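Order-wise, the sequence lines are chains H and F.
For the first sequence, my numbering begins at 162 and goes up steadily by one.
For the second sequence, my numbering begins at 14 and goes up steadily by one.
Honestly, the hints are just simulated from the structure, not real lab data.
Note that the structure is a prediction, hence the values are computed from the model and not measured.
Treat each hint with caution, since some may be false.
[Stated by the list, open to error] FRET-style restraints, in silico, Cβ to Cβ:
| # | chain 1 | residue 1 | chain 2 | residue 2 | range |
| --- | --- | --- | --- | --- | --- |
| 1 | F | Gln105 | H | Glu497 | 35 to 41 Å |
| 2 | H | Arg455 | F | Ser316 | 52 to 58 Å |
| 3 | F | Glu144 | H | Asp452 | 52 to 58 Å |
[Stated by the list, open to error] Some chain H residues well away from chain F (every beta-carbon gap over 10 Å; in silico):
| # | residue |
| --- | --- |
| 4 | Leu172 |
| 5 | Ala226 |
| 6 | Asp465 |
[As the list claims (entries may be wrong)] Coverage of chain F stretches by chain H, computed from C-beta distances (three or more under 8 Å per stretch; other residues unrestricted):
| # | segment |
| --- | --- |
| 7 | 175–189 |
| 8 | 386–395 |
| 9 | 405–413 |
| 10 | 418–426 |
| 11 | 432–444 |
| 12 | 450–457 |
Ideal Cβ placement from N, Cα and C applies to all residues, glycine included.
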Amino acid sequence: VANSYLLFLGLSALACTWAVLSLWVIAGRSRFERRRARAARPPRALTPRRNRRLVRRTRSQRRGADALAELVRGGHPESLALLHAVLRSGPDHHRAAALSLLSEIESTAADELLLETLEQGSYSRSRVAAELERRVDRVRPRLVTLVRHPEPVLRFWALTILSRLPHRDAEVAEAAIRCTHDPDANVRAAAAETLAGSSAPMAGPALHRLLGDDAFFVRAHAARAFAEHAGPASANDLLHLLADRDWWVRSAAKESLARLGTEGLQAAVQALAHDDPFARDGAAEVIFEADGIRTLFESALEGDETARQALDDLALRHPELLRTRVDDVRTAWRQEAATG
Amino acid sequence: VAPGSGYGMSVVDVVRIGVVICVSYLIAVYAAYLLMLVWSAIEKGRAARHRRFDRLHHVIDSNLTIPVSIIAPVYNEEPLVVTAVRSFLAVQYPEYEVIVVNDGSSDGTLRQLIETFELERIDRYFRRVFETAPVNAIYRSRSDRRLLVVDKENGGKSDALNCGLNLARYRYVCGVDGDTILAPTCLRDGMRLVLHDPERIVGVTGHIAISGRPEEALNDEGRACRVDRRPLLVFQHLDYLRSFFNNRLGWTRLNTMLCAVGAFQVWRRDLLEQVGGFSTDFTCEDIELTFRIHERMRREKRSYAILSLPDTVGITEGPDRVRTLVAQRERWQRVIMETVVHYRRMFLNPRYGTVGLVGVPFFVLSEVIAPAFETLSFATLAVGVVLRAIDPVQFFLVLGSITLVNGIFASAAVLLEDQTSRLYDRRSLAWLVILGPVELFIYRPLLFYARAKGTWRFLRRDRGWHKFQRNVRVPSET
């Protein structure tokens, strides 16, 4: 089938290849360790000649990103122009590097370039937004302008980034309230998130309106946002969402009610008598979730008929779970009694 | 074949034809592997350049990071379940939940979870998007509110994963095995890619390391750092390395990822719901689901990508006994056969793009028909030796060549892995490259037996899981 001599030559070539690869594994590791030690040293100073060389090298597929990094970190005056060019038309991994390098520059020009990248969509908008989120205070005015952009995706991102502002002032709230009427459901959902932490008086009614939105995810976002915005006062408005036609909205309403404390618990107790079986189950879940059994017991012992009725309901439908929780309450009482 | 071996021409001819077929097959398989290795090396270089400058801590700090539900089905995982769940809870990621689904374990898995994580029973009304075996109870941890444990009747791994999907709250889900210890950075690395292109990237998988005792092979950061020195485990480790670094990265490059491994598979939940979740009709869920998603997306001409990370995202327990290894690999062969036969319409079908023209044929060549050619090779060899129809010098030269080709692929995989992660020390690396060529004589015959058995069981329509027994552990003195 084959000549032995040729086979022997092939075998030798394979043996050499295997030996080279294996040595590469071991030697490569040693080289890496040396390089790591060298990388800890401060970078070389940029001379005009090296600058020129590095600028030329930014066009290289393989070493372009390294050259760009050296130039930017070395403070090259044309850094932003180079990053701009790469972000507009560079290969994908160069753009990834450019974006990260841009995030290292704390200047208005860098902010502008990030916003421009977001607008143009020349790189993943979610990744750009993650960088803009870190400087949301500085880019706030530009984002407020962007909320009026004709493209819904930009309105969405502008609102999403604005929702990360620790203090959402009247201007931001006004922009978000306007977007609660937006034809795009994603934008309305983002507007709800932005309004959650706002103290603007008109935010409440706007969020309340979104609780009845056609899109299920807008209602879900609005439920959480309304609870955060209005606090315990939102409990009764969230109650009907326990019987919403969509599971996600019911889930959001349950989570929100469970976080509202006594008011949330009171609303859940009311919902135990709801016509809708989902709402009744959801209410029971809120009571268990919010550790409401002890409160109900204490109220029942004080003669509260509603609490007594709620416990009866729960005992009928969730006997095993209620028994466990009652045991927990008894243990807690005993411990409290023992410690005086 | 020795021409003048003195036997009738017909026998020599038969042996010769057998040799030609086997050598042709071998050359075709090695050519396919080489091609995939080249694609993998290109993809690894691209991923490394991409990652080198990415600010991973920005991803972790960002509120825009997409939350993930980790779903871990467990069945009789008593020895490892606590360590595994602790590793899930130690993952560095802004927002995620862990849903452990106890699939009717008959050992102390649930008891261990209840005691260690202070589980309390809760009533949770969840969407029943997928029908599953009945749920007995749902527990939540008092010590870590992110942990939810579901106790259900036994229904198989797919059923347990579907049950976890019903309870998952987040948009992305990460299916993991109950015996896998995750690296703390796994979600960060995986979701970083998703964050770059959330509309297109629907699935992510990554390399899983192998050890006989995963819980003992971790460094202070919770990442795999030691290679188990026992040859059977080293061979499996090399097998996994080759599979991930020589093949999966290439598949990523060609957008033809054919198997997002069950030990770490991140999926977009809405897509899982569209395709009907994890199928209980197949022996194993991971390959079939990946094929199904490809089939659906390509048929509907949707833009999508399923990626493999060039990182080690976790460490899992590999069988340290021959019998258990054979049982595991036999099952894998069966599921490959089931899946490829089920999706045979994709084979060489241009409608399915690179998946139909490259991926499925590669799978057929390297996995499905391999047992037939391996059997033919052994038969030809046996007949040739008995009839003295094979020239011993040429035979040993060919055998030496195959040994070295295997060694080259193993070393290439170790090289790609080490250049990415730098996890193992030099002694471990040396041990891996030395054992690379040896596996042909010890490990490959076992795989041949397992694959042949798997093919036979597939033909007999056996769908059993045949879970391998856990490795024996010395009880702790404390």
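Now for the hints, and whether the structure bears them out:
1. For Gln105 (chain F) paired with Glu497 (chain H), a C-beta distance near 38 Å keeps the hint of 35 to 41 Å intact.
2. The beta-carbon spacing between Arg455 (chain H) and Ser316 (chain F), approximately 53 Å, falls within the hinted interval of 52 to 58 Å.
3. The beta-carbon spacing between Glu144 (chain F) and Asp452 (chain H), approximately 33 Å, falls outside the hinted interval of 52 to 58 Å.
4. For Leu172 (chain H), the condition that its CB be more than 10 Å from all CB atoms of chain F is violated, with the nearest at approximately 5 Å.
5. The claim that Ala226 (chain H) lies off the interface is violated: its Cβ sits roughly 6 Å from the closest Cβ of chain F, which falls inside the 10 Å cut-off.
6. The non-interface label for Asp465 (chain H) is consistent with chain F: the shortest C-beta to C-beta separation is roughly 23 Å, beyond 10 Å.
7. Only when three residues or more bring their CB closer than 8 Å to a CB of chain H does the claim for the segment 175–189 of chain F stand; here the count is 1, and the claim is violated.
8. Requiring three or more residues with a Cβ within less than 8 Å of a Cβ of chain H, the coverage given for the segment 386–395 of chain F is violated, as only 0 such residues are present.
9. Residues of the segment 405–413 of chain F lying with their CB closer than 8 Å to a CB of chain H number 5, which satisfies the three-residue condition for coverage.
10. Residue count for the segment 418–426 of chain F with a Cβ under 8 Å from a Cβ of chain H: 5. That meets the three needed, and the coverage hint holds.
11. Under a criterion of three residues with beta carbons nearer than 8 Å to beta carbons of chain H, the stated coverage of the segment 432–444 of chain F is upheld, 5 such residues being counted.
12. Interface restraint, the segment 450–457 of chain F with chain H: violated (1 residues with C-beta to C-beta distance below 8 Å; minimum three).
Of the numbered hints stated above, those contradicted by the structure are hints 3, 4, 5, 7, 8, 12, listed in ascending order.
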